[in-house]
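> Based on the sequences and whatever the hints tell you, model everything.
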Amino acid sequence: MPAASCNTLYVKKGDFPLTTALLYGGGPALTNSAGVPWTAAYIDTIGEPTADLRSNIAAEARAKIVYERLINVTDDPGIKEALGFLMTREIAHQKSFEKALHSIQPNFPQGKLPGIPEFASVYYNMSSGNDARGPWNSGDDWEFVEEPQPAVDGGDGLATVGVDDADAQALKAMASRTASDVSSDPTTGADLGSGQSV
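In our numbering, the protein residues as written are -12 to 185.
If you are wondering where the hints come from, they were derived from the structure by calculation, not from laboratory data.
Source: prediction; values computed, not measured.
Check before you lean on any hint, since a few could be wrong.
Listed next, the in silico DSBU-like pairs over lysine-lysine satisfying Cα-Cα at most 35 Å (straight line) [said to hold, decoys possible]: (1) K82 - K159; (2) K67 - K82; (3) K86 - K67; (4) K51 - K82; (5) K86 - K99; (6) K67 - K51; (7) K82 - K99; (8) K86 - K51.
Structural data, given as C-alpha cells:
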C-alpha cells in the first residue's frame, strides 16, 4: 500500500488525532492528551523531603475536602460510593505521608540551617481589638511582645538601607549613567510597524 494511503487510513481510523497531524506533522507532540505542553509544571517539589511530605499531607487534606463537597452535591448512590472510596484513599495517603515525615528525625525546622534564635519563638502582637491567646502564641515556647511593636531589627521600622560612602558614590554614578533622556523621542519599531509614514 502506498505511504499516502497508509497515512490516510491511520488518520481515518482514529488512531492518530487529526489535530496532532496538522500541528506536528510527523514530529512528536510534546503534550498531554488535552494538548497541554509538557512543562513539568505539575511537579510539586522543593527538593527537601520534610517540606515535600508536608506539602503532600496538605494536598491530601485538600483533596479529601473536595471529595466531601462532591459527595454532598450528588444523589446518585453509585457516584457517592465511588467518591467515598476516593475520599478514603486520601485519608490513607495522608496517614502514609505523616508516618514517613515522622520517621525522619528531626524534621523541624525543615532544611539544614537553624533559624535566628532571638526571632524563632517570638510572637509580635500585630492585631487590633481583642487579643486571641492560645498555644500558638503563649506558654513556655513563646515570648509574647505586646504593643507598641518595636522595629524587629533595631532600626526605625522603615524600609531603609544603610550604605557606606564608597557605595553611595557608586549608586550615584549608576543613577547618572542609566538616567532616561526625557526629551528623546526617536522613531521606534512601533512607529515603523504602524503602517503610517514617519
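> K82 and K159: Cα distance at most 35 Å?
violated (58 Å)
> Would the hint linking K86 and K51 be met if the CA-CA limit is 35 Å?
Measuring from Cα to Cα gives roughly 18 Å; hence the hint holds.
> Compare the distance between the alpha carbons of K51 and K82 with 35 Å, and conclude whether the hinted pair is satisfied.
Given pair K51, K82 holds - Cα atoms ~12 Å apart, limit 35 Å.
> Compare the distance between the alpha carbons of K67 and K82 with 35 Å, and conclude whether the hinted pair is satisfied.
Measuring from Cα to Cα gives roughly 23 Å; hence the hint holds.
> Holds or violated: are the alpha carbons of K82 and K99 at most 35 Å from each other?
holds (25 Å)
> Are K86 and K67 close enough, with their CA atoms no more than 35 Å apart?
The hint holds at about 29 Å.
> Would you check the hint for K86 and K99, treating anything up to 35 Å between C-alpha atoms as holding?
With a Cα-Cα distance of about 21 Å, the restraint between K86 and K99 holds, given a limit of 35 Å.
> If you draw a straight line from the CA of K67 to the CA of K51, is it 35 Å or shorter?
holds (14 Å)
Violated hints amount to a single one, hint 1; each of the other numbered hints is respected by the structure.
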